[in-house]
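Novice: So you can see what is in the structure, the chains are spelled out below.
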Amino acid sequence: MTAQPGVTKREGTVFDIGYQNYTGPREGRGRARISIVKNGVRTSLGFGRGALAKVLPWLFIAVLVFIAIIMALVAGAADRLIGPEDAEQLNLPSHSDFYGIASIIFFVFAAVGAPELLCPDRREGVINLYLLRPLTGSDYVFSRWLAFFLVMVAVAWLPQFILWIGLIMGDPQPVEYVLDNWLDIPKFLAAAIPLAAYTTTLALLTAAFTTRRAYAAVFLVGLFVITTPFTTGLAAEIGGTAGQWISMFNLSNIPVHVNDVIFGEPSVITRDAPAAELSSWILVGWFFLWTLGPAGVLWMRYRRLTP
Amino acid sequence: MKVLLTAVNLTKRYKDVVALDDVSFDISDGITGILGENGAGKSTAIKLFLGLIPSTSGSAKALGQDAHESIAVRAKLGYMPEHDCLPSNITAAEFLGHMAEVSGLPPPHARTRAADTLRHVGLFEERYRSMGGYSTGMKQRVKLAQALVHDPSFVFLDEPTAGLDPGGREDMLELVSKTHREFGISILFSSHLMADVERACDRIIVLQSGRLVESGEVTHFTKETETVFIEVDGNRERLVAALEQRGVAVTTDGHGLYIEGPDETVYDQVRDALVEAEAPLRRMAPRRRALAELFQHEGEDFASELSP
Chain C
41 MTAQPGVTKR EGTVFDIGYQ NYTGPREGRG RARISIVKNG VRTSLGFGRG ALAKVLPWLF
101 IAVLVFIAII MALVAGAADR LIGPEDAEQL NLPSHSDFYG IASIIFFVFA AVGAPELLCP
161 DRREGVINLY LLRPLTGSDY VFSRWLAFFL VMVAVAWLPQ FILWIGLIMG DPQPVEYVLD
221 NWLDIPKFLA AAIPLAAYTT TLALLTAAFT TRRAYAAVFL VGLFVITTPF TTGLAAEIGG
281 TAGQWISMFN LSNIPVHVND VIFGEPSVIT RDAPAAELSS WILVGWFFLW TLGPAGVLWM
341 RYRRLTP
Chain L
2 MKVLLTAVNL TKRYKDVVAL DDVSFDISDG ITGILGENGA GKSTAIKLFL GLIPSTSGSA
62 KALGQDAHES IAVRAKLGYM PEHDCLPSNI TAAEFLGHMA EVSGLPPPHA RTRAADTLRH
122 VGLFEERYRS MGGYSTGMKQ RVKLAQALVH DPSFVFLDEP TAGLDPGGRE DMLELVSKTH
182 REFGISILFS SHLMADVERA CDRIIVLQSG RLVESGEVTH FTKETETVFI EVDGNRERLV
242 AALEQRGVAV TTDGHGLYIE GPDETVYDQV RDALVEAEAP LRRMAPRRRA LAELFQHEGE
302 DFASELSP
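Sequences listed follow chains C and L, in order. Numbering-wise (this note's numbering), the first sequence opens with residue 41 and increments by one. Numbering-wise (this note's numbering), the second sequence opens with residue 2 and increments by one.
One thing to keep in mind: the hints can contain errors.
[Unchecked claim] Simulated pairs of lysine to aspartate or glutamate, DMTMM-like, Cα-Cα distance not exceeding 25 Å:
hint : chain 1 : residue 1 : chain 2 : residue 2
1    : L       : K77       : C       : E67
2    : C       : K94       : L       : E127
3    : C       : K78       : L       : E199
4    : L       : K140      : L       : E70
5    : L       : K140      : C       : E277
[Claimed, not checked] Restraint-style ranges between C-beta atoms, simulated for each label pair:
hint : chain 1 : residue 1 : chain 2 : residue 2 : range
6    : L       : I54       : C       : G333      : 28 to 38 Å
7    : L       : E215      : C       : A254      : 44 to 54 Å
8    : C       : K94       : L       : E215      : 51 to 61 Å
[Claimed, not checked] Looking from chain C toward chain L, a few residues come up when the C-beta cut is under 7 Å (computed):
hint : residue
9    : G64
10   : P65
11   : R66
12   : E67
13   : G68
14   : A72
15   : F87
16   : L172
17   : R173
18   : P174
19   : S178
20   : N221
21   : R343
Everything labelled a hint here was simulated from the structure, so no lab data went into it. Glycine included, each C-beta is placed from N, C-alpha and C at the ideal position.
One chain only, chain C, in its complex shape (with noise of 0.2 Å):
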């Protein structure tokens, strides 16, 4: 074959430059940290992950996002067919009763997603490699906790937004809408950061200790379902200052006391708990002892684990 007149011939080569040595940045125990946070991000919501690992978190984001569209439509249809003054006055649930009525999906969000980010890592070995990285195991479970705590704040925050929307979107007034209630949003995003915390400590203290990450969310699932009539019931049996602290024990309503806290009323959940009559101080440091002490002890957990 000859090459035609005033056709260059070009001739690739392919080089094996063999093996070569890193000489970029080393980013150290900073760098270790951001990567198991990210890492877990992304194993919480099953990014990277075959499609199996997706249903989960995803249908409860569907199903929180579900909740909030309804939250909309249902005060959008009222404000048309009996008119916004006689809306209010039917005092339909809002940004202040959302986490409230979404709590027992947070829970089982939480008790099902975040023993995914230890109980592998445990059962499969891998943590026998952080530990061995310029990693403490400290370094280890704290990034994981943030990985989720970032992952439910964003869950909480989502739905929210949406109700937010729907709500301006349904008022027949959606500028007077934004100008009297602008203040929910700063109340619904620092509302959301105690449920994640709290949901999300319990969570994976729960999962420290098992590798089994089905026993750690039956057992999650099985405190709170337990907790809310058994505490219910006794406190109303017994009823006085005995009753409300009884009912500080129903474990779902720990992160919504400290919503209505924020929010400056009790959500349709905890108005008629007992423990809703406490002091606001007693209800939020509750709160921190129910958050701070199992943190303490994942912490413990952790802190000296050597592969």
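Please build the complex by placing chain L on the supplied structure of chain C, with the hints as guidance.
Specialist: Then chain L, alone, in the frame of chain C:
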């Protein structure tokens, strides 16, 4: 030679058990084997160098630093554990990229290093497959790759040939040699298989009950003996008969023939016997002692524990 690991009067006690007892040694660049029966102190020594546990007394320094006091040095160390340590539901590329980041590399560099390292261990084509479906040999390669992905100066390999078939074992040993020869990474090779250590290592350290009992060049322990080893491609029985007919005492095993302490005339007789037996000669050389034999002489229990 540059000294990379230094143990000085290193002692580690777990309550009443002495895991390492006043041990001192240096490990230079190259591939060093660490041998010893279960409980000899191999894993304890590795953990001390990695700074995972504090020493009771003495010091263990890696790359000039005590990793227990400054964990930053671990960014330049790698470790391949013996036991399973791979997540089953993610790809090798994603896992290695993450491990590189955890070692301190920025994400774009980490991704590049992950792909390069997987190419060097022979898993480039399989890098986007979930590791749950990998064979034992492939998993061992990923374990090695994660120890190399951040380009450490020194790597600890704990039983890298565990669970591999003979072919996979050969490949792994070749990869270990290549890691030092081509990548310039020094290695501490912990194994109970003397043949593997003999094949891959330049030097060995032998621990027994927490004490250092031997150390030195592998060639020092496997020096030539007075025995001549002969390997043929066929007609071995005829060759044995031809040699015995000439009055030469021969012993055989699965590999070949051995003639103890031959004098000069034996070589002529071997030549004639080979011709007579029509046995194609593959190899004739002074036999080197195997590490296993050395320790068989020094302690039967130790040797039986260490033999493959």
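Novice: Please go over all the hints and tell whether each is borne out by the structure.
Specialist: Going through the hints against the structure:
1. K77(L) <-> E67(C): Given pair K77(L), E67(C) holds - Cα atoms ~12 Å apart, limit 25 Å.
2. K94(C) <-> E127(L): Measuring from Cα to Cα gives roughly 23 Å; hence the hint holds.
3. K78(C) <-> E199(L): 43 Å, violated
4. K140(L) <-> E70(L): 32 Å, violated
5. K140(L) <-> E277(C): 60 Å, violated
6. I54(L) <-> G333(C): 28 to 38 Å: 29 Å Cβ-Cβ, so the 28 to 38 Å window holds.
7. E215(L) <-> A254(C): 44 to 54 Å: 50 Å, holds
8. K94(C) <-> E215(L): 51 to 61 Å: 55 Å, holds
9. G64: 5 Å, holds
10. P65: 6 Å, holds
11. R66: Check passed: Cβ of R66(C) comes within 4 Å of chain L, closer than 7 Å.
12. E67: 5 Å, holds
13. G68: Check passed: Cβ of G68(C) comes within 5 Å of chain L, closer than 7 Å.
14. A72: 5 Å, holds
15. F87: Cβ of F87(C) sits 10 Å from chain L, so the hint is violated.
16. L172: 5 Å, holds
17. R173: At about 5 Å, which falls below the 7 Å cut-off, the nearest Cβ of chain L leaves the hint on R173(C) intact, so it holds.
18. P174: Hint holds; P174(C) Cβ to chain L Cβ min 5 Å, cut 7 Å.
19. S178: Violated, because the Cβ-Cβ distance from S178(C) to chain L comes to roughly 11 Å (cut-off 7 Å).
20. N221: 41 Å, violated
21. R343: 14 Å, violated
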